[in-house]
Amino acid sequence: MSWATVVAARLRGLVEHKRLERELDEEVRFHVEMQIEDNLNAGMNPAEARYAAMRSFGGLEPMKETYREQRTFALVEAMAQDLRYGVRTLRKSPGFTITAVAVLALAIGANTAMFSVLNGVLFRPLPYQSAEQLAMLWAEDPTQNLREGRSALWDVEQWRSQSQSFADMATFDAVSTVLTGADGVEQIVGASISPNLLPLLGVRPVLGRSFSSEEAGQRQRLVLISHRFWQARFGGSRDALGATLVLNGLACQIIGILPADFPERPA
Amino acid sequence: MNDKADVLQGTLILLVLRTLEALGPLHGYGIARRIEQISKELLQLNQGTLYPALLRMEQEGWIASKWGASEKNRKARFYSITAAGRRQLTKETEDWRRMSTTIELFLGFEPGSLAEEGG
Numbered sequence: 001m002s003w004a005t006v007v008a009a010r011l012r013g014l015v016e017h018k019r020l021e022r023e024l025d026e027e028v029r030f031h032v033e034m035q036i037e038d039n040l041n042a043g044m045n046p047a048e049a050r051y052a053a054m055r056s057f058g059g060l061e062p063m064k065e066t067y068r069e070q071r072t073f074a075l076v077e078a079m080a081q082d083l084r085y086g087v088r089t090l091r092k093s094p095g096f097t098i099t100a101v102a103v104l105a106l107a108i109g110a111n112t113a114m115f116s117v118l119n120g121v122l123f124r125p126l127p128y129q130s131a132e133q134l135a136m137l138w139a140e141d142p143t144q145n146l147r148e149g150r151s152a153l154w155d156v157e158q159w160r161s162q163s164q165s166f167a168d169m170a171t172f173d174a175v176s177t178v179l180t181g182a183d184g185v186e187q188i189v190g191a192s193i194s195p196n197l198l199p200l201l202g203v204r205p206v207l208g209r210s211f212s213s214e215e216a217g218q219r220q221r222l223v224l225i226s227h228r229f230w231q232a233r234f235g236g237s238r239d240a241l242g243a244t245l246v247l248n249g250l251a252c253q254i255i256g257i258l259p260a261d262f263p264e265r266p267a
Numbered sequence: 268m269n270d271k272a273d274v275l276q277g278t279l280i281l282l283v284l285r286t287l288e289a290l291g292p293l294h295g296y297g298i299a300r301r302i303e304q305i306s307k308e309l310l311q312l313n314q315g316t317l318y319p320a321l322l323r324m325e326q327e328g329w330i331a332s333k334w335g336a337s338e339k340n341r342k343a344r345f346y347s348i349t350a351a352g353r354r355q356l357t358k359e360t361e362d363w364r365r366m367s368t369t370i371e372l373f374l375g376f377e378p379g380s381l382a383e384e385g386g
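Line by line, the protein sequences are chains A and B.
Using the working numbering, read the first sequence as starting at 1 and increasing by one per residue.
Using the working numbering, read the second sequence as starting at 268 and increasing by one per residue.
With the rest of the complex left out, here is chain A:
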């Protein structure tokens, strides 16, 4: 109960700052004047009486400081004072203020930009189903300083049949591909993928279909194209399905269109 009344009194102190300060001054003045009068009555001369009164009272400012600290929450009041002082100082030197604000603005801007990038690259979940369960498997050989190396398909098949930690394993191998078209030859980015990759990621073609394992086994040359490629080359027409692309000099048949939100670089 005691601390509650003290807190209440100090909250009041916060609001009634001016009045309490004036009252303290009045009280102190009364005290000192009374002391001076008594000293005069005791036979001192006025200067002596005043000096003795001040001395017996002790340091006035330290006392007021203690009094103020006790009157309210010293921290809050000190913070308010610091704030007022800060605003006054800044107003007095606009050049400095502008520089400081500009520096702050730049720093905040840079941080925001950095965060936006990180958010996109690191923090935002991948646009696949069960993204939190996805893992990328790499071959590593520390003795040869090999990291994030490619793996032979045969190895992957072994891992896939023997592993018990993963629901499924699929492969993709991003390769630069030469496309021969009516306008000439150009280089595009492609990837050869295993037939289970799209089902594993929960990705369904917006048009057409994906590969089957049988087709993969028969090594048929089938491709899915990105949504953007579809729009650019075929104007979004259904005729794209079944059309032929010449990739690395070999005719490949388009069997499906990937969704627009499928990243063009899957990793």
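Honestly, the hints are just simulated from the structure, not real lab data.
Treat the hints loosely; a few may be bogus.
[To be verified] Derived lysine-lysine pairs resembling BS3-like cross-links, with alpha carbons at most 25 Å apart:
| no. | chain 1 | residue 1 | chain 2 | residue 2 |
| --- | --- | --- | --- | --- |
| 1 | B | 342 | A | 64 |
| 2 | A | 92 | A | 64 |
| 3 | B | 333 | A | 64 |
| 4 | B | 342 | A | 18 |
| 5 | A | 18 | B | 333 |
Fit chain B to the known structure of chain A by using the hints.
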């Protein structure tokens, strides 16, 4: 605040409460004079330290204050002890007696003139 003033602050509350209980409402100067009169040679009271102590006691609810007219008809703030203040006085008096008894026992002193000053 130095060590001496700290020690004083604890006893100062006891002295103020006792003074107000004995003499009724008093202004700050009156309290200071009274304490000095009674303990003239023993206590060096820095009168200014009285006011933070009074504030604290008022916040605790041990004393109440009211503005009124002094004996010479000047505006002054009068302090008086409250019921909670009387309880606090009893408690602090006991604490003080127990403490001084303990220390006297410890030092092997006979309770002498020092013991009278508290009561």
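message: If you test the structure against every hint from before, which numbers come out violated?
response: 2
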